[in-house]
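S.K.: Listed here are the chains, written in short residue letters.
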Amino acid sequence: MIVSRVARRLGSTMLVLLGVSLLIFLIARVIPGDPARIALGPRATEEQVIQMREVLHLDQPVIIQYGHFLTELMQGDLGISLYTNRPVMTDIAQFLPATLELVLLAGFFMVALGLPLGVLAARYRGGWPDNLIRVITLLTVSAPAFVWAVVLLLMLSYFLPLFPIAGRIHETISIPTVTGFMVIDTLLAGHWRGFVSALHHLFLPAFALSLSGVGQAARLTRSNMIETYDSPYIEMAQSYGFPERRIARSYALKPSLIPSLTIIGLDFAALLGNAFLVENIFAWPGISRYGVGVILQKDLNAIVGTVMIISATFLIANIIVDVLVTLINPRIRYAERSR
Amino acid sequence: MTQDLTLSIRNLTLSFTNWEGSTQVLHGIDLDIRPGERVALVGESGSGKSVTARIVLGTLQELASATIAGEVIVEGRRMQDMTPAEWRSLRGTDISMIFQDPTVALNPVYRISRQFHEVLRRSQPSIKRREAEERCVAILADVSIGDPARVLESYPFQLSGGMNQRVMIAMALINEPRLLLADEPGTALDVTVQAQTLHLMRELVERRGTSVLFISHNLGVVREFADRLYVIYKGRIVERGPTKAIFENPRHPYTRALLAAIPRLTGSGIPDIDEVSEAYHEPLVDHENIAA
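Just so you know, the protein sequences line up as chains A and B, in that order. According to the numbering used here, the first sequence is numbered sequentially starting from 1. According to the numbering used here, the second sequence is numbered sequentially starting from 1.
I should point out that these hints are in silico values taken from the structure, not numbers from a laboratory. Glycine included, every Cβ here is placed at the ideal spot set by N, Cα and C. Honestly, I wouldn't trust all of these hints.
Listed next, with one range per pair, are the computed distances between beta-carbon atoms [as the list claims (entries may be wrong)]: (1) Ser157/A x Ser22/B: 53 to 59 Å; (2) Ile2/A x Pro35/B: 51 to 57 Å; (3) Leu154/A x Phe157/B: 48 to 54 Å; (4) Leu327/A x Lys128/B: 25 to 31 Å; (5) Gln80/B x Val323/A: 50 to 56 Å.
Per the computed footprint, the stretches of chain A lying under chain B, defined by three or more beta-carbons under 8 Å from a beta-carbon of chain B, are [stated by the list, open to error]: (6) 237 to 247; (7) 306 to 315; (8) 323 to 332.
Some chain B residues near chain A, calculated using beta-carbon distances under 8 Å [claimed, not checked]: (9) Pro84; (10) Arg88; (11) Met97; (12) Phe99; (13) Val104; (14) Val119; (15) Tyr155.
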C-alpha cells in the first residue's frame, strides 16, 4: 500500500517536473541579455555570435527550442554549460553531492535537535527549560542562515579555532571521487582520518544552515505537544496512571509529530535555497553556489538543469515526508486502503 | 466508619490561584460512597463536580495553581498520608475513570488492543500477550461486543461512538477497580446509545460490586442509575439523599430548578428557570441521617 502510494506520487512528480521545466525554460529566455553574447564576451565578432545562437538553437521559435530541450532531456542530456564549458550533467554530478551532504546533515539536525527540544519544552511548560528553549529558538528562527554562518564562523573558526574556515576536507588529504559525497568517499577509500576531517568540515556549515529549521521544528513540536497534552486521550492516559515518561514519549509525541514532520519536509526544501549564501561563506563547492553563478552568466542550459534538479530534490523530500506521515497516522493509512 | 467506605470525602476545598488572585471552587464538600454503591454528583457546568473527581483521582493535585485542603479517603487510605507516587499507583488499578466523549478519549494513533494491554499492565506489569488478549475478549463480550477480535484490531476512528463507549467501559472495568469515576459518560453520544451503554454499565458494576461516582448535569439520566444523589451548586452540596427520596420530594430550590430543567415530551418548550437566585444558596437539605 505504501508502494502504490509512492508510485502514484512519483507519477505526479514527473508531471510537476515537466511543468517546472516549461516554466523555467520560458523564464530563462525572458531575462534580458543575449546569452550568446554574454558567453562569447564583448570582443567576439557578430558572425561568431550568430553562429553561437545557431548552436544554442536560439534562432528558432521558443516552442521548437523547448522541443529540442525535451528530446535531449530524454537522453539524459541537459546541454552544455556556457559557464563551465562542460555538460550540465557533469556539473550537477560534481556539485550536487556537496550540497546534498550539507542539506542532509542540516535536515538531520532539524530532526535530532528540533524535535527533542520541542518535547523538552512542552514537558516543562512554563519552567526554565521551556523559557530557555523558547528564547534560543526565537533567536535562531529570526536570523537567516547566512547570519548564523558568519557568526559561527567568527566565533568557532576565527576567534576560537575549533572548526576549519572553508572547504570540504583537509587540503593535504586527497580522496578519489566515487559518489561525490566526501563522507562516503573517505569511508570507501578506508581513509579514517579523511572521514573525520570531512565531518569536521561539514559540521559548521550544516549547523548554520539548520539553525532556523531547528528553531521552527522545536517551536512547532512544542505547541503541538502542548495541544496534545490538553486532549482527552492524554487525560485518560494520566487517569490510568501510565508512567509520565511513557505518556510523553508515545502517547503525546506520536500524534504531535505529524505536523512537525510536514514542516520539516518543507524546511528541508528551503534549505536548498538558503544553502547558497552559506555555501559562499564557507567556500563550499555546492550546487546552490553554482546555480547563482549560472544565473548571473545567463547560462540557459545550466539554469534550467539546476532548477530541475533542485525541484526534484524538493519533490523527493516531500514524498519521503508523505510516506512517514502515512506510517504514523493510521487514518491516512486506512483511507488509502479503502480507496 | 470511614474504614468501611469505598470513598469518603471530608470538608474538601479547592481554589485556583493565578496572577489576578485566587478563586474558590469547592467550599467544603462531604461525600461518602459505600462498597457497591452508585452515587451521583449532579450540578450545572462549573459547579465543581468534575474537579471533585479529578481530586479523587489525584490528577488535579499536579497543577501548581490548585490549592486543595480537606480529606480524601479511598478504601481506608488517606490521600494526605500518601506520596503522590503512591496515590498514582491506585490509578487505573483501584480507581478508574470513564470520560465524556469516548471517541476523543481513546488515543487516535494506537489500536484498541494496544490500549487495553497498557491498562492491563497497570495491575499485572508482566502480563503475557496471550493472557491479555483472552481477558480483553472476555470483557468485550461482557459489554456486548459481538466481534471482539475485530474491535481489538481497530483504531478508535474505525468504531462508532457507541462501540467506543463500550470499549471505554470495558477498559475501566478490566482491572476490577474498587471505585469507578464516571464523568458525564456518554454525554457526547446520542440519547439512545447513551441509554444503552448506561444500562450495560449499571449491569456490570452491579455484578462486580464496583462503587461508582457518577457525575452528571442530567437528573433524568441519574434517576436510572444512582442509589444516592448529591446535588452540588457553586462548590457546595445543597441536597443529598436517596435518589428516590429526592425525586419524590425535592426540597432545595436549586434541586427543584434542576428537576424542572429535564426536558419532557409533553412540555411547553424550554422551562423557565432563574439563572441565578438567592434561594439557590440556601443551606444543605439532608434526606438521610448519616451526618458527617
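S.K.: Should the interface hint for phenylalanine 99/B be scored as holding, given a Cβ-Cβ cut-off of 8 Å against chain A?
M.R.: holds (6 Å)
S.K.: Next item in the hint list is tyrosine 155/B. Is there a CB on chain A closer than 8 Å to its CB?
M.R.: holds (5 Å)
S.K.: Is the gap between the beta carbons of leucine 154/A and phenylalanine 157/B within 48 to 54 Å?
M.R.: Because 52 Å falls inside the window, the suggested range holds.
S.K.: Apply the coverage criterion to the stretch 237 to 247 of chain A and chain B: a residue qualifies when its Cβ sits closer than 8 Å to a Cβ of the chain, and three qualifying residues are needed.
M.R.: holds (count 6)
S.K.: Just to be careful: measuring from the Cβ of proline 84/B to every Cβ in chain A, is the smallest value less than 8 Å?
M.R.: Where the cut-off is 8 Å and the nearest Cβ of chain A is about 11 Å from proline 84/B, the hint is violated.
S.K.: Cut-off 8 Å, C-beta pairs, minimum 3 residues; does the coverage of the stretch 306 to 315 of chain A by chain B stand?
M.R.: violated (count 0)
S.K.: Does arginine 88/B pass the interface check with chain A, least Cβ-Cβ distance below 8 Å?
M.R.: Because about 5 Å separates arginine 88/B from the closest Cβ in chain A, which is inside the 8 Å limit, the hint holds.
S.K.: Taking 25 to 31 Å as the hint, is the beta-carbon distance of leucine 327/A and lysine 128/B inside that range?
M.R.: holds (28 Å)
S.K.: Can you confirm whether chain B covers the stretch 323 to 332 of chain A, using C-beta to C-beta distances below 8 Å and requiring at least three such residues?
M.R.: Satisfied; 4 residues make the cut.
S.K.: With 8 Å as the cut and Cβ atoms as the points, is valine 104/B at the interface with chain A?
M.R.: It holds, given that the least Cβ distance between valine 104/B and chain A is near 5 Å, below 8 Å.
S.K.: Please check whether methionine 97/B passes as an interface residue: C-beta within 8 Å of a C-beta belonging to chain A.
M.R.: holds (4 Å)
S.K.: Verify the CB-CB distance for serine 157/A and serine 22/B against the hinted window 53 to 59 Å.
M.R.: holds (54 Å)
Hints 7 and 9 from the list above are not met by this structure, while the remaining hints are.
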